[in-house]
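> Quick note, the sequences are listed as chains U and Z, same order. The opening residue of the first sequence carries number 1 in the working numbering; numbering runs sequentially from there. The opening residue of the second sequence carries number 329 in the working numbering; numbering runs sequentially from there.
Mixed in with the good hints, there may be bad ones.
To be verified - Sample of chain Z residues lacking proximity to chain U, with all beta carbon distances greater than 12 Å (derived): (1) 439; (2) 483; (3) 561.
What the hints assert, rightly or not - Which stretches of chain Z does chain U cover? Using the computed rule of at least three CB atoms under 8 Å from a CB of chain U, they are: (4) 373-386; (5) 550-557; (6) 635-645.
Said to hold, decoys possible - If you only want the chain U side, here are some residues facing chain Z, beta carbon under 8 Å, derived: (7) 59; (8) 95; (9) 117; (10) 120; (11) 122; (12) 124; (13) 128.
If you're looking for bench data, these hints aren't it; they were derived computationally from the structure. Idealized CB from N, CA, C, for every residue including glycine.
Residue-level listing of the chains:
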Amino acid sequence: MTEPVLSVRNLQVEFASRRGTLRAIDGVSFDIAKGEVLGVVGESGAGKSVTGLSVIGLIDPPGRIAGGEIRLAGLRIDNLPPEEMRRVRGKRIGMIFQDPLTSLNPLYKVGDQVVETIRTHLNLSETAARRRAIDLLAEVGIPAPEKRIDGYPHEFSGGMRQRVVIALAICAEPELIIADEPTTALDVSVQAQIISLIKRLGRDHGTAVMLVTHDMGVIAETSDRVAVMYAGRVAEIGPVQDVVRNPLHPYAKGLMGAIPTLAGEDKRLVQIPGSMPRLSAIPRGCAFNPRCASAFDRCRVERPEPLSRGTQSVACHLYDAAPAETAA
Amino acid sequence: MLAFTLRRAVQAIGVMIAVGIISFSMFRFAGDPVNQMVGMDTSGAERAAIRQSLGLDDPVIVQFGRYIGNAAQFKFGVSYQFRLPVTNLLMERMPATLELAIVASIFAMISGILMGVYSALRRDSWLAHVFQAVSLIGISLPTFLIGVLMIYLFSVTLGWLPSFGRGDVVHIGWWATGLLTLSGLKALIMPAITLGLFQMTLIMRLVRAEMLEVLRTDYIRFARARGLTTRAIHFGHALRNTLVPVITVAGLQFGSVIAFAIITETVFQWPGMGLLFVQAVQNVDIPIMAAYLMMVSLIFVTINLVVDILYTIVDPRLRSTVSRAH
């Protein structure tokens with residue numbers, strides 16, 4: 001078995017606050033292989049973005065990685081000195097943020113920002129970097145890149161700006177791209193273009209992609225595997241078809257049930273009762289137990305650990321020592 | 329771009345006419361100018377003749393038109409106390425004030441930006457705390473007090489710097505500069521610091537607040553995610569974005585530096601326009617007061633115009649909105 005590009009083991013992220021330490025990420029583990037797209041899905045505050053930020057080493061104080069380890073192609077990166085981590089960022093891990101309108105510095109030409117990034121990571125002359133920048137802009141689908149390279153960010157539409165952001169993320173041929181809600185701020189029609197672009201780039205360059213989103217539709221279209229997060233933990237992880245068609249965790253079932261179908265009869269959308277707990281009030285046992293219809297006594301006391309079920313892995317007591325109940 | 333500049337210039341002329349009205353009305357509310365000019369024993373007929381020759385019998389609107397017309401050609405009448413054209417008096421004094429104000433502003437800009445950037449980047453260092461404390465003092469202590477304290481320390485006690493005047497000057501054309509002689513430079517140090525201290529603290533606080541704000545923005549986070557060096561992020565990206573509001577404030581403050589120079593010039597007996605103005609107030613020399621008002625307003629309005637144009641150079645977004653607006 002080849003080594004995964006990204007391997008996260010038992011990651012814990014804490015935020016120090018006035019009312020004590022809050023644990024935003026509590027024991028998250030996953031791998032992403034070369035060329036694979038892992039979708040990370042969950043409600044707001046489930047810890048999706050924090051997971052992405054901790055991989056690239058950009059958690060702002062008072063947050064900090066409190067435990068576990070993150071490996072990039074075998075190299076441990078969660079405890080690298082800042083200067084070495086900076087060299088990893090942009091070069092080996094590219095990141096795409098949610099809002100393309102605010103991701104680019106408004107005072108600099110688009111091309112200058114691309115050239116600046118290229119020259120930070122690759123030993124290229126100004127002209128060679130500019131040529132590469134034009135190629136990159138062409139690759140992400142910006143028409144007439146040799147002209148647009150001298151435009152300012154405000155002269156680009158939202159979708160075009162997100163393409164520039166993607167060009168910036170891939171300009172040093174990273175092994176891993178973290179895309180944090182890359183389509184949330186865009187029109188639906190533009191969303192599809194950006195998604196297929198990310199997918200194509202991942203395929204063409206063999207780049208691993210961690211796609212953070214709350215949009216199940218985006219996940220289903222793009223990802224090879226999906227991790228469902230809830231209250232700072234991975235509830236379920238597995239191949240995307242399996243998780244979508246046959247979700248195991250009650251929370252994942254709820255999420256999949258809440259996807260409206262086109263053929264849908266005229267009925268109310270399913271929703272999961274209640275809301276995700278605040279970090280300061282995560283219930284004992286399974287964090288999902290107050291909202292779970294199948295919860296039983298053990299769920300209120302003991303925290304479920306991930307269990308292997310075929311291709312999927314699920315953290316739920318329903319599947320522990322009771323294989324017959326899978327269909328429950 | 330040209331249309332934008334022209335529109336702003338027309339607005340500036342409007343402001344100047346408004347200031348002209350105020351300045352003109354000073355003559356009408358500060359008593360009968362003829363009384364200021366003549367002795368106790370001047371006869372009524374003589375007074376009427378003077379009144380006639382000064383055009384004071386004409387309708388107000390005609391007098392105002394004449395006043396504005398003359399002002400536009402930089403003719404502000406004759407000083408009551410010196411019996412010399414006000415324009416000559418002002419022009420003679422202007423280099424001193426402008427040199428003082430420019431040096432004070434440059435001092436305020438450079439040290440204010442450096443201190444502001446430092447205290448934003450090293451927020452918890454002891455030096456940043458010292459800067460914050462100094463800026464509080466700079467904002468709250470009145471200018472003249474700082475000036476007097478400095479005179480006491482550096483002139484009276486230590487004897488390093490002259491306590492008053494401008495030192496030796498060199499004439500370049502009609503411009504008398506003190507920047508080229510040692511005594512001129514030495515004389516400039518204390519007044520410039522006194523005058524610039526308030527602006528410095530203001531700029532420092534502004535730069536610090538803006539910089540902290542900018543460092544929290546998405547494009548800075550994205551710049552970090554791109555793996556740029558800290559240096560490039562702080563000085564290439566954050567500082568340039570910080571400077572947009574700083575230019576406005578520093579530019580507008582230059583006007584008030586000139587206005588505040590009145591106090592500094594009085595403390596240091598600096599032979600500039602401010603000192604001339606203070607003497608004019610003491611002697612009810614209205615032509616000088618009115619002309620000074622017009623001059624300071626003109627400087628203010630000009631700076632405003634320049635700042636507006638500078639804006640569009642720093643921020644490309646304004647360039648396109650400006651050209652789209654017509």
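> Any of the earlier hints contradicted here, and which numbers?
Numbers 3, 4, 7, 11, 12 and 13, in rising order.
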